[in-house]
Structure formats: C-alpha cells, structure tokens
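On the provided structure of chain A, position chain B as indicated by the hints.
Number of protein chains: 2
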Amino acid sequence: MEEILIAGKPVEAFLEEIRKFHGWVAPGVLLGGFMVDYALELVGKEVEADAIVETRFCLPDAVQLLTPCTFGNGWMKVLDWDKFALSLYDKKTREGFRVRLDVDKTTAFPDLYNWFMKLVEKKDLPLEVLNQTILEAGREALSADPVFITNYYAKIKKGKTGICPSCGEAYTLRQGALCISCQGEGYYQPNENPADPFLRRAVSY
Amino acid sequence: MEEILIAGKPVEAFLEEIRKFHGWVAPGVLLGGFMVDYALELVGKEVEADAIVETRFCLPDAVQLLTPCTFGNGWMKVLDWDKFALSLYDKKTREGFRVRLDVDKTTAFPDLYNWFMKLVEKKDLPLEVLNQTILEAGREALSADPVFITNYYAKIKKGKTGICPSCGEAYTLRQGALCISCQGEGYYQPNENPADPFLRRAVSY
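The listed protein sequences correspond, in order, to chains A and B.
Heads up, the first sequence is in the numbering used here, so the first residue is 1051 and it goes up one at a time.
Heads up, the second sequence is in the numbering used here, so the first residue is 1051 and it goes up one at a time.
Same shape as in the complex, but just chain A:
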C-alpha cells in the first residue's frame, strides 16, 4: 500500500498529533485531515489561506493542526451549522475551495455512511474499523468546489474597552452599560466553600 501523506506528513505522524491535541483519534478529525489536505492542494501552497469551518465538532481541530489558522488567531472562523464541510480561501481575493464529505459518495463505504448519517451506535462500530474505512476512502468520499467567499471573511475587530461599573472588570463597551455577566448572562457564581478538599486548600491560599 502506498504511503498516505496528510498535508505532507506521514499519516502515522498525523494520527499521533490528533491524539496529543484532540485527546483521542476522533474519526471526524482524521477525516478532516483528508479534507484539509485536499483543500490545501487545490488552493495552492503559495496562498495565505483563511478557513471557514461549517461545524463546531472535530473538523476545527484538523484545520488547527494542519494550517496556520487557529480559533484564537482569528484566521479560522467556525459556523455552528453541523455540516461536515470547510473552505480555504485566499484572504486577498476571497477565492478558494470548499471541500465536503459527500453523502452520495459515502455510500461506497457503508461504515462511513452509517456513521455520518448517525445510523449506527458507537458500540456497534468500533473506532478502529471506522478509522480504517476513513483511511481507505481518503478523498474518494469527498467533493470539492471552487467558491468565492461572500460573508464571514472580514477580520473581527475588538471593540473599545471600558470598566464595568458593576463588577469593575474591563469589558468591551459595545456590550452596553454593563458587561454581559452583570447583565445576568453570566455562567458562574462565587464558590468560597468548595466541596472538594483540594479546592478548599486552594481557596485559602
């Protein structure tokens, strides 16, 4: 069998990177590797490409591992659409390619089709079997189309910073007169007496 390369690196090295970064070799990240590899080739190495990913699940990590685009540097944007597709495009010309897992083509790989359409329970499709299918399928279950990006391409700017008069913390003034937390949308409450003994020690530092 020919050696499989993902974005120029042996697939074993990529599998190890997935394990280290993502915590386990999730099929979505492995498959995403083939998608990013394909998009990179189509867009060309000389292009400084930004990424738009159409699902929050798994695929963003393939982009972060194989391209310079990360969530925190803003070159990768994530749309919470639950579509297994991504676009890489030239940030200057907004031309690029969209690559997707093509449901019609997955029918040639029943395990992949059943996983993608959520027709099989995890316990009935061992991870190793599914990942082996993904390795065999490679690009054969993918489709790619040339696209021109019409939305979500702009760099997201930080707003002006102020001090929230309620909590005294810095926040972006575009949130309003108070920060979002103080508007009642917060996600935490004080916890001065944790149940966990280790945390109790940490609190009394």
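It is possible that some hints are incorrect.
One copy or two, either will do: identical chains are not told apart, so a pair holds if it fits within one copy or between any two.
[What the hints assert, rightly or not] For lysine-lysine, the following DSS-like pairs were computed, each having C-alpha atoms within a straight-line distance of at most 25 Å:
hint	residue 1	residue 2
1	Lys1095	Lys1207
2	Lys1155	Lys1070
3	Lys1141	Lys1155
4	Lys1095	Lys1172
5	Lys1168	Lys1205
6	Lys1059	Lys1070
7	Lys1207	Lys1070
8	Lys1207	Lys1059
9	Lys1155	Lys1095
10	Lys1059	Lys1172
11	Lys1095	Lys1173
12	Lys1155	Lys1142
13	Lys1095	Lys1168
14	Lys1059	Lys1208
15	Lys1168	Lys1059
16	Lys1155	Lys1208
17	Lys1173	Lys1059
18	Lys1155	Lys1205
19	Lys1207	Lys1172
20	Lys1207	Lys1168
21	Lys1095	Lys1141
If you are wondering where the hints come from, they were derived from the structure by calculation, not from laboratory data.
This is chain B only, laid out in the frame that chain A set:
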C-alpha cells in the same frame, strides 16, 4: 532570574509553541499562558477540567496549547464577550477557578495597562517590550476566584442528520426544512472561473 515555567514547561519552549501554533508570539497568548498555568495549579492536576474562555481573541489558543481542551473536542467553550478571563472547572462537580487579567493590578505595569485598555497604538509599543513586561508581571497582574459553573457546562449534542432537499447535502434537521446555506445565510457562491491562474488550473482538474 529564576526560570519561568508555564504549565511545567520552560517559558522558551512555550514561546516556541505559540509561534508554531498561533503564527506569532501574540501578547494575549503569552499572558494567557500565565492565566492557564495559574488556573491549572488551583484546580489541581488530578482533575479533568473543562474550560470556558470569555473572549475569542488569543486566549483560546493558550488553553488549547496547555490543556487537553480544544475547540474541536468540545472541552473548551468560547464566549464572545471580549473579557480577558477564563475558567477551568471539574466537569463532574462544576467547581473550579476563574482567572482574569485584573485591570487594577495592571496599573503597576503601565505598558500592560495601556495595551489592555487600548490606550496605545501598536507602533508605539513594540511587541518585545510588551512581551517582556508580561514575563515580568507573571501572575502579579492576575486575580483568581473560586467559582461554581451555572451555565454552558453541558456537552453540546449533535442533532439528527438529514439530507437538505435543496442542495442534497447532509445537515442537522434542527436547522429546519432546508440547511442554513439554502435558507440564504450562506457564505459563498460558485466560482467556476477564478481570476487566479493557479485556481483556474485546479478547477479544470
């Protein structure tokens, strides 16, 4: 000067990781490293911690570099609140710590204060000077509080998958009768005749 460790690794190694992953040594990621390091210590190594980050800028990459939490594995959630703060918490007990850059404490480090409050232009504060200040400040400009997480802690579930009758692509049925793209919220249009000569070759594969 004592050797600085970030989550157990020499700061030089962390700087190199930032450069490789984020593309450049952004002050927000370096500062974020100290924040994650502090939160990890407070929460304790034995805890499997999830992360909530309160800004999309830079800080998510510090979390992804120093913890098992990534955007794609769902253990890190990002709130687009533009607050420079994050929480690490035990996913079972929902107890943890919130660490933030404390604006009052930054006044002891004028360059850090001016950068954080956006009172200085990039050209007037060289990156090396700002990063040196961040290294000197370490945890001195941070505050940490014990918290109990009340929101955003649940694992985000994938929806049921169907085929969009308009584009024929797989999508999550909770989006409605058509996928979001076909509802008119798309971000691309076909580009069969790219202006870029390399892309034209790629299209005619």
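Of the numbered hints stated previously, which ones are contradicted by the structure, given in increasing order? Violated hints: 1, 2, 3, 4, 8, 9, 10, 11, 12, 13, 14, 15, 17, 18; rest satisfied.
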